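Single-letter residue listing:
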Amino acid sequence: MPAAPASTAALECEDVTRRFGGLEAVRGVSLSVSAGERRGIIGPNGAGKTTLFRLISGEMPLTSGRVRLFGRDITQLPCHRRTHLGLGRTFQITNLFPTQTVADNLVLAILGLHPSKFSMLRPLWTYREHYARADGALETVGLAERRDELVRNLSHGEQRQVEIALALLGGPRVLLLDEPTAGLSPAESARLTRAIRQLDADITVLLIEHDMDVVFDIVSRITVLHQGRPFADGTPAEIRKDPRVQKIYFGEQ
Amino acid sequence: MQFWVNQTFNGVSYAALLFLVGGGLTLIFGVMKIVNIAHGSFYLLGGYLGVALFAGTGNFYVALGAAALAVALGGMVMERVFLRPVEGDDLRQMLLTMGIALFVQDACLLIWGGDPFNLKGPEYFARSIRLGSFSFPILRLFMIGSAALLFLVLWWFQERTRAGAMVRAAVDNQEMTEALGINVPVLRMAVFGLGAFLSASGGVIGTAFMGLYPGLDFEILPYAFVVVIVGGMGSLSGALVAAVLLGLADNFGKALFPEVSYFTLFAPMGIVLALRPSGLFGRS
Amino acid sequence: MTGFRAGRARMAAAVAGIAGLVLLAILPPSLPAYVVIVLTECLIYAMAAASLDLLIGYTGMASLGHAAFFAVGAYTTALLTTRSGASFAVALAASILLAAAASAAVGVLILRASGIYFMMITLSVSMCAWGLAYRWVSLTGGDTGIVSIPRPRLGFVAGGLEFYYATLVLFSVCLTLYLLLVWSPFGKTLVGIRDSESRMRVLGFNVWLHKYLALVIAGAFAGLAGSLYAYYNGFVGPNTVDLAHSMQFVLMVIVGGPGTLVGPVIGAFIVTLLEKVVSIFTERWVMVLAAVYVVTALWAPRGLLGVLGVVRR
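Residue numbers (the working numbering), protein chains in the order written: chain A, 24 to 276; chain B, 17 to 300; chain C, 11 to 323.
Quick caveat, the hints were computed from the structure, so don't treat them as lab data.
These numbers were taken from a predicted model, which means no experiment stands behind them.
Just so you know, not all the hints are guaranteed correct.
[To be verified] Listed next, with one range per pair, are the computed distances between beta-carbon atoms:
1. C:L318 - A:R89: 47 to 57 Å
2. C:R18 - A:T122: 16 to 26 Å
3. C:A114 - B:F150: 46 to 56 Å
[Unchecked claim] Coverage of chain C stretches by chain A, computed from C-beta distances (three or more under 8 Å per stretch; other residues unrestricted):
4. 182-195
5. 204-213
No residue lacks a Cβ here, since even glycine has one placed at the ideal position from N, Cα and C.
Extracted from the complex, chain A is given alone in its bound form (with noise of 0.2 Å):
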């Protein structure tokens, strides 16, 4: 395949539009995010966020739009091809395997793009190198100690870490955080939000975030969603300042 120029964007929503009978939830929204940014989508409930990410990511088809990742047209490929193709996501309402311990779901992770997903006749503890990358993954989240606890019975903020983890097993290149500070104390928070500072520069990250101040320390650019349709765009300072969007947020109240 031939090398993208380099001002092809990461990602690229056109005119993405998702109906639901009468409902548009998504509606027209087209948006640039290149190499290496980090972007925030903000916007009151509602907005069409979370409908968002999962047009992106594949886990709901779009009524009509295109979705292009690294130049490439993404729209007709189903959800897991679009995680081979470098397309990480973490929920907004926690998705672990709540049965399994940490190891365990890391491991999971890591499967999901190797072939051994289908070896059927070899135990999986025997698989010694997904096990010492799922280690080293727990390392770097700090959660090392809790290697073998049953995911429900993590503290809340430690299942965010782990919903993090998750992702980023994948090497993804794009990289979809829903809200990865919700529920969480000031202090875990601060943590993440660091843990999200610290990710590699080379991955593209989109932030749905409802902490404003997590929003502005992370990301350089926003793109603010209402009502499904795309409202305003620019930089942090820029959208701060912006009475339309104070007024979409304080009208909420």
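Since chain A is already given, all that's left is putting chains B and C on it; use the hints.
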């Protein structure tokens, strides 16, 4: 020509029976999301009660009404006592309906024995109406008529009344329906009873048509399932159309290719699954 | 239960399992013939129930049509032995292959459904199979079925217990394969699918493909069990795949404890033995069975192992 008219008429009258049993099941399936294996049991019980009540009263219509109502009541009790505690867990609910189906089957065997039963009905059922060179048995006309009447009543109820709108809402979106303050538990119980009523009516009428014997409860179930799958779960109109399609297919199939006639019944199901899994009138 | 206690419970289960197998191997020569016959039947159903657990317990697919593939295996063996005099190995292999093929063909259609719709459709699959068995008289013998299936020529002598030991060996082989499968990476992906399909997709798994493979594998094992059943029973008819029989497989899985493999094995023994024992005392065995369904559904949905706290749930 005679062959085609006769087979079509027979197919449609058989469809009437299929609609009664399948229509009830599609409502239960659509509103309550239950795989009701006891549905054939309603048919069986309705048949036996119909026979007993007819023997007692000598009036077919009284027997039909009373038997159907009795089974409907039993169905509502079953829902309240057994199914409501495990609401939401599909597998457990299905196991429960299986247990109850087995119990009813054995109880009927105990009470009425293993011999087949007939239900003669009023004496005009045995006569036919002649139109030219064709003759149409009155019993079959009654079957078609009562199924059509029930369909119209149900359709009117579902489309034109508030209660019916609640049922439609519950089929589409149960959470929303609950959020709107509608008493969904009572609704579920009522729908289950209605489904039992329809199936039991089918049992009485079916007994007059083709007799009753132990094991019929499990034999009729596949037909009901196919009506639901082909018609679309929760859709009465779908059940009607599917019943007609299947009644005709089964009849012509039996007449023309007896060995693989079961195939002509299940082929539509396979085709529907391949092309439109939610059924002809179902919502995906 | 986590950590140490769960580990202890699993060790205990493993020891009990091995002890059970050893007993099943050494006791039969001193047991009455009738008991050995019943044990043979238990083992055959245990093989089938465990294969269904791969779907219900491990992948989270409530397949109610498993008896159809059991029947394909049974009829294949019945036909090959009575009409072509096929050997044990040939009949077994053919049964496994045909059951797998049937699974593969049907799987494409039934995977278009999910949840409760999937349950309904898989139930219809076994009803379809029943109907074919009943109406396709030239092939299946219809209601009469296929009779006089001879015991296989096994090439070894064990005092009249050859078939029992052959069954025990095959059961042990199956159990080993099942265990390897659920411990393998593929087996873990099935559990992942059960716990969260959406998460699995996003992690890069082709969920449809994994489910499909699980269906075909489970179907193949069911065919194996069905083949042995034909030899065991000497007769194969539509009742092999009727509604009651289809549901009985599901009951065995649930009664023992889904998602444990060992649970369904125990469940198969419980249900089979219960029928034999209860029938001695009363004609109303069906009512007792009905009670088992109701009690299990209402109060023991995780089965015996769930009640004993062995299941990690």
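Verification of the supplied hints:
1. Checked against the given bound of 47 to 57 Å, the beta carbons of L318 (chain C) and R89 (chain A), roughly 55 Å apart, stay inside it.
2. Look at R18 (chain C) against T122 (chain A): about 18 Å separates their beta carbons, and that is inside 16 to 26 Å.
3. At about 48 Å, the CB distance of A114 (chain C) to F150 (chain B) agrees with the hint of 46 to 56 Å.
4. Against chain A, the region 182-195 of chain C contributes 6 residues with a C-beta closer than 8 Å to a partner C-beta. That satisfies the three-residue criterion, and the hint holds.
5. Only when three residues or more bring their CB closer than 8 Å to a CB of chain A does the claim for the region 204-213 of chain C stand; here the count is 8, and the claim holds.
Against the hints set out earlier in the document, no violation occurs for any number.
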